[in-house]
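Fit the two chains together into the complex; they arrive one by one in their own frames, and the hints show the way.
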Amino acid sequence: KNQVEQSPQSLIILEGKNCTLQCNYTVSPFSNLRWYKQDTGRGPVSLTIMTFSENTKSNGRYTATLDADTKQSSLHITASQLSDSASYICVVVPFSGGYNKLIFGAGTRLAVHP
Amino acid sequence: SQTIHQWPATLVQPVGSPLSLECTVEGTSNPNLYWYRQAAGRGLQLLFYSVGIGQISSEVPQNLSASRPQDRQFILSSKKLLLSDSGFYLCAWRPTDRGIPNSPLHFGNGTRLTVT
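Each protein sequence line maps, in turn, to chains A and B.
100 is the number of the first residue of the first sequence in this note's numbering; add one for each residue after it.
3 is the number of the first residue of the second sequence in this note's numbering; add one for each residue after it.
So here's chain B without its partners, still in its complex pose (with noise of 0.2 Å):
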């Protein structure tokens, strides 16, 4: 069966300093890999998407970036975080648009960052 990983669950860090969120899949090849942003009584936002190694979509401009140096990692990053940075990140997978139709977009659990 499919995981999907996410961590750390937790994360304070001072403005200025950088972040690294990973992301990693186990039991599928060449997922589809999102990373979304929720912000309290508001919807998710999507922030990158990739459907390949080294392949990353950038969907609203921003302090992160994303990258994805093998077929089951996504990683989010910052060089210098921002007091608005601070969120709840969920990093998402689905099978590729040549597998099953229709297939829902699986969640990790998520990384509460806070930043101070």
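So that you can see chain A by itself, here it is in the shape it has in the complex (with noise of 0.2 Å):
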């Protein structure tokens, strides 16, 4: 069965410190790799996009990482800023059924402290 795991489920760190967010997943094969940032309340905005191919992608303070070998995932958050407050999902596009079979993770809740 495809998933996509996220870890940890929630996450506490002080303004100014830098994160890491993870995402397993066993959907192969797949088109691409997605992460969103969702605010309380708010709908999922669009953070990075890799294909397969990608090893690496920045917007921003925010870089993933994707090692299609290992199944894994990455999201680091450099010099966090209260605003950074939010929920991380990562959710892959799988080959087969494409955009109308996007698997997505529970999310990583985090909460950036003064």
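These are computed hints drawn from the structure, not numbers from a lab.
Hints are supplied without guarantee of correctness; some may be wrong.
If we take Cβ atoms under 10 Å as the criterion, some of the chain A residues that face chain B in the derived model are [what the hints assert, rightly or not]:
1) SER184
2) ILE188
3) SER195
4) TYR198
5) LYS200
6) GLY206
For lysine to any residue, the following SDA-like pairs were computed, each having C-alpha atoms within a straight-line distance of at most 25 Å [unchecked claim]:
7) LYS200/A / THR5/B
8) LYS200/A / SER67/B
9) LYS200/A / PHE90/B
10) LYS200/A / THR98/B
Note that this is a predicted model, so its numbers are computed, not measured.
Glycine included, each C-beta is placed from N, C-alpha and C at the ideal position.
Below, the structure is given as structure tokens:
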């Protein structure tokens, strides 16, 4: 069964610190892997998109990495800000079925404290 | 630029009452449209998607239905709500597959539905 597992479930860090969120998936083959940020009570917003052949993708202070051999992805947040407090969702687009068969992780809830 | 509007933001409805959630997209044509439900601690679940007017695909059997009466309008409905229909409903769009490859899904800000 295709799955996307995220860890940790929740995380608290101090403002200015770095953190790394993990995503393990069993979807194979896949077309691309995405990270979304979801503020409380809002819709998710795309942060990064990586195809299966890419290893890393940055968007400002957010850097996503992908290891297709181990089926792991991570999202690294540098110099965290209070506005980074949100849920971060890992999404895998399977090769078969494509965008109508997206597989979403349950998300990591990040709280940045002053 | 493209925008997506979803309303209402919150809704409290009694069991057995009807439901109508609306989603509209501006600034694009012939988008693929999606309805998702998000439960606490779980990943988003695809409910319906549409690749064109009147074309609806259902992903899970449920008490809900969807319609696309216009190119950029997507409606989620129910004739009689159940307690289990409570949740956070998200509408999303993306360009058609002949458009930008690997384009992201663009989500609305959701509707928090509470069935009492």
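Failing hints, ascending? 1, 3
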